[in-house]
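Novice: What follows is each chain in one-letter form.
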Amino acid sequence: MNKLITAAAVAALSATSTAFAADEVKIGFITTLTTGAASIGKDQENAVNLALEHIDNTMGGKPVKLIMADDGFKPEVGKQATDKLVKQDDVDFVAGYIWSHVLLASRKSVLDADKFLISANAGPSPVAGKLCHENFFSTSWQNDQTPMAMGETLNKQGVKSLYIMAPNYAAGKDMVAGVERTFKGEIVGKDLTKWGKDAQLDFSAELAKAKASGAEGIFVFYPGKAAGAFIKQYEQAGLRDSLPLYTVFTIDSLSLPKLKEAGMKSVLGSSMTQFWSPDLDVPANKKFVADFREKHGSYPSFYAAQAYDSIMLIKSAVDAVGGNLDDMDAMRAAMEKADFDSVRGEFSYGNNHMPIQNFYSRKVVEDADGNWTTQIDQVVLENHQDVYASECKL
Amino acid sequence: MPEATIGKQHTAVKWISIVMITALAVIPFGLYLAGNAFWLDIFTRLVILAIAACGLNLILGLGGLVSFGHAAYIGLGAYAVGIPVYHSTYGGMDAIASYNGFVHLGLAMAVCALFALVTGIISLRTRGVNFIMITMAFGQMMFYAIVSLETYGGDDGLTIDLRSEFPLITLDNPVTLYIVCYLSLLALVFLLHRISHSRFGLILQGAKFNEERMGAIGVNCYRYQLTAFVLSGLICGYAGFLLGNFTTFISPEMMDWTRSGEIMFMVILGGAAALWGPVIGAVIFIVLEFVLSEITIYWHLYFGLLLIFSVLFMRGGVSGALSRWFNSSRSSGTQRQA
Amino acid sequence: MEASILVIQLLNGLQLGILLFLLSAGLTLTFGIMDFVNLAHGALYMLGAFFCATLTIYTGSFLLAVAVAIPLTALAGYILERLVVQHLYHRDHLDHVLATFGLILCIDTLVHLIWGPEGIAIPLPEILNTQVEIFPGIVFPTFRLLIIGMGLTAAAGLYLLVNHTRVGMLIRAGASNRRMVGALGVDISTLFSGVFALGAALAGLAGMLIAPITEASIGMGSDIIITTFVVIIIGGIGSMKGAFLAALIIGLIDTFGRSFLDDIFKIFMSGEAAETAAPAVSAMLIYILMAVILAFRPQGLFPPLTR
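Protein chains in written order, with this note's numbering: chain C, 703 to 1096; chain L, 131 to 468; chain G, 32 to 338.
No lab work stands behind these hints, which were simulated from the structure alone. Using N, Cα and C, we set each Cβ at its ideal position, and we do this for glycine too. Careful: at least some of the hints might be erroneous.
Just a few of them, taken from the derived set where beta-carbon distance is under 10 angstroms, the chain C residues facing chain G [said to hold, decoys possible]:
#1 740
#2 763
#3 764
#4 831
#5 832
#6 834
#7 903
#8 928
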């Protein structure tokens, strides 16, 4: 009992100490800082800090106070962290959210409290459609868009038959649905593998089936640690020549250094689609990538790019009202213009506050210093808007 | 001497009861009024999980049956709120589409009772570690079943747009919701107190120590254990119903085996033998988790160390240590004489 | 269904089964002999993988790394036993569960602190990174064959150790009647530490063998521990033979479920329904199997005769 009282007292004290100091812009950023997925969170945290450094930690003449919070890769923990940011820290913006389920669990807490919610990654279909909200903005994409771009890429490359593999959860199914929507060839096989706590990481059975199916290519979505596992088994199964690899959200700047270290040469030359790439020729991106590499010694991932943009988007809003954070309407109007130097270049917002932007096909290449990175091949979808925008009543 | 010990235990239970009842009423509201609205959330979650832990303790503490699948009932209870609300909002399944809290509660109870009955009939054929594992297996099956329900979001979970509606009270008010949870917990602890002293409770405890002997005196333990198992599932289902209304978001993740583990840890940490043990365990578990995670992202390390130390140095959980301390400080004289 | 893919899936199932056996051997020993429930057994599997990954990158040789990492993991297990586990043998199963869960949290966080959150991929030597044609038309990754080979060797070694040595005799005696062994004047404490370290080494070996396929990552231990428990429960706690057979059964059933269930379902339901149901059922398959077996044989398939 004593423990409880002391704990409560400590918390009460720490809460009161943050209560004054009102003349600052408070931003809560939810990401994953524990578990194996923490490498994504770390990359986002680095990008957010770089963004704050680039803007001298000032928005609309006020200093910025950033509060990072961990979602532990669990919707319930993410929601609790969100509640704390909203109720106890009284932040002005809540940004971040890598995972769809964490975002869906938390969105009501933020929006009911009349705060702005900026997704720096997750883009499940409900928040773009039925559940769209005037105070919700995204600096990433809707889940379906990237695989739709992949379907187009496959058509352009003349792939006639495809084998599909993805984890069996909502985003996995979204990705499969996305590629099926635009791909015109035949889908000769599909495997949805076990996901979650005891996710399946041994794909031997599925790869054997894929090989036997005689498909001209294999489309794969495996985020996080499953990516490394998949690529290695793809390499060990010797499928590089017979079954070319097409991925979304699987190979990124977080997995490439590891794959290089393990000598997984079969990823070199494989195709993927994305709204952004480290080599995208935009001044803001050049600065972001160069400074990020100088500071952290590696290419930033797309997660980092989106996190960087989320801070810039918030700055554009706070600057527009000269730091008057009570003027929600003016800040919303400012954000709707997407009037800031995004690392993806020019883009606009749709009625549902999801970006309308280009999607590129990219290839994995070795850069001049021998690092593995991705290079833009061509634009496959130009100024593309997600398909759920029409369901949004805004 | 035995009578004297029981008498002392009664005093200990009385004191712990008074402290717990007061603390759970005073602290959250005190903090809430002092401007820490978020602490009310912490306490609401805590009290709900305490209800679940008490439910588990009915079979674990009294019956000696360690179920490792009780998160399934919490999940079922929460989905019993989420699914009718989903259908009232978006149409379909008219038979259960409703915002009415009594419908949700009834559904939760019916589903949990059925699931507990079916799995209990099979599980109770086993004992010991095999019982732990078979209950876990049924929990996992339910977990994967819910994951595959794409209509209700599958892995992404389901947002509950509107809370259960009851006449006179509105659960949208966090204070009301807390009071409901708090009173539910008190009623449950009282109920468990009565059960443990009833014929039913005594047979359960007897079965824990010697099932054959109970059989020899003409008691069919299996029926009593099955009844307790179903009752325990119902209590956890009720906790799930509250949890769904509290978080307004449900996902299969809340039925995972690690969540069953957490409830079990609360019971063991607090002390399975004591009436208030699960509640004390829930309080320590949740508050510690929150306070430690505020301090460092590596809080799991300290949390883990505390768990290990609590096992090594506190037998019978916190309440075991408390009551030993209580007894020794009050009766060190008598013990020496004995 | 083509015969060749059937053979390949058979080999895949065998390989998974053998990994599971390496993990469950140690668990069923500590359970059977010391009556100790060790949730943290998976943490040793993870430690083995991380030791091996670091050593591979440091020494440049995977095989050398394995040779060094096995005793290292055994040492880690020994230290764990001396520091914590030893003090819990005479306690309740529930206390074991709580304490070893605490151990999982500690070890996972320590690994995060030492190696960072992102995990390590293990590079394989070129000769292992290829495929071999076992039968005409059946090509299989070399490394997976190596896993099967090393796993079977370890299983054979374990069989010899348990059935044909004095230590093995004590282990068998301990599994069937622990008190009697103590009464006969055997140094129980040393025996227990040794068995625990042996189990740790086997779990570590499993981690080293899987890491080049997946990678060494935080939480890989807690991901597999439940499946391992399923294996030893189905096999019968304390039974080495049971663990071996159950591991192979689980490995095969899991692999075949993943490969062929959707095709089987498509025979009697619509394609779309099969696509939804098959992954869900194949994920549940091992739990269904365990529930069915326990319902009919509450002690598992091969319970040790006397306990």
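Novice: Confirm or reject each hint.
Specialist: Against the structure, the hints:
1. 740: This interface hint holds because 3 angstroms falls under the 10 angstroms limit.
2. 763: With Cβ-Cβ at 37 angstroms, over 10 angstroms, it is violated.
3. 764: Violated. Min distance 33 angstroms.
4. 831: Interface hint status for residue 831 of chain C: violated (22 angstroms vs cutoff 10 angstroms).
5. 832: Given a least distance of 22 angstroms, the restraint on residue 832 of chain C is violated.
6. 834: violated, 27 angstroms
7. 903: Constraint on residue 903 of chain C satisfied, holds at 4 angstroms.
8. 928: For residue 928 of chain C, the interface hint holds, since the closest Cβ of chain G sits about 8 angstroms away, which is under 10 angstroms.
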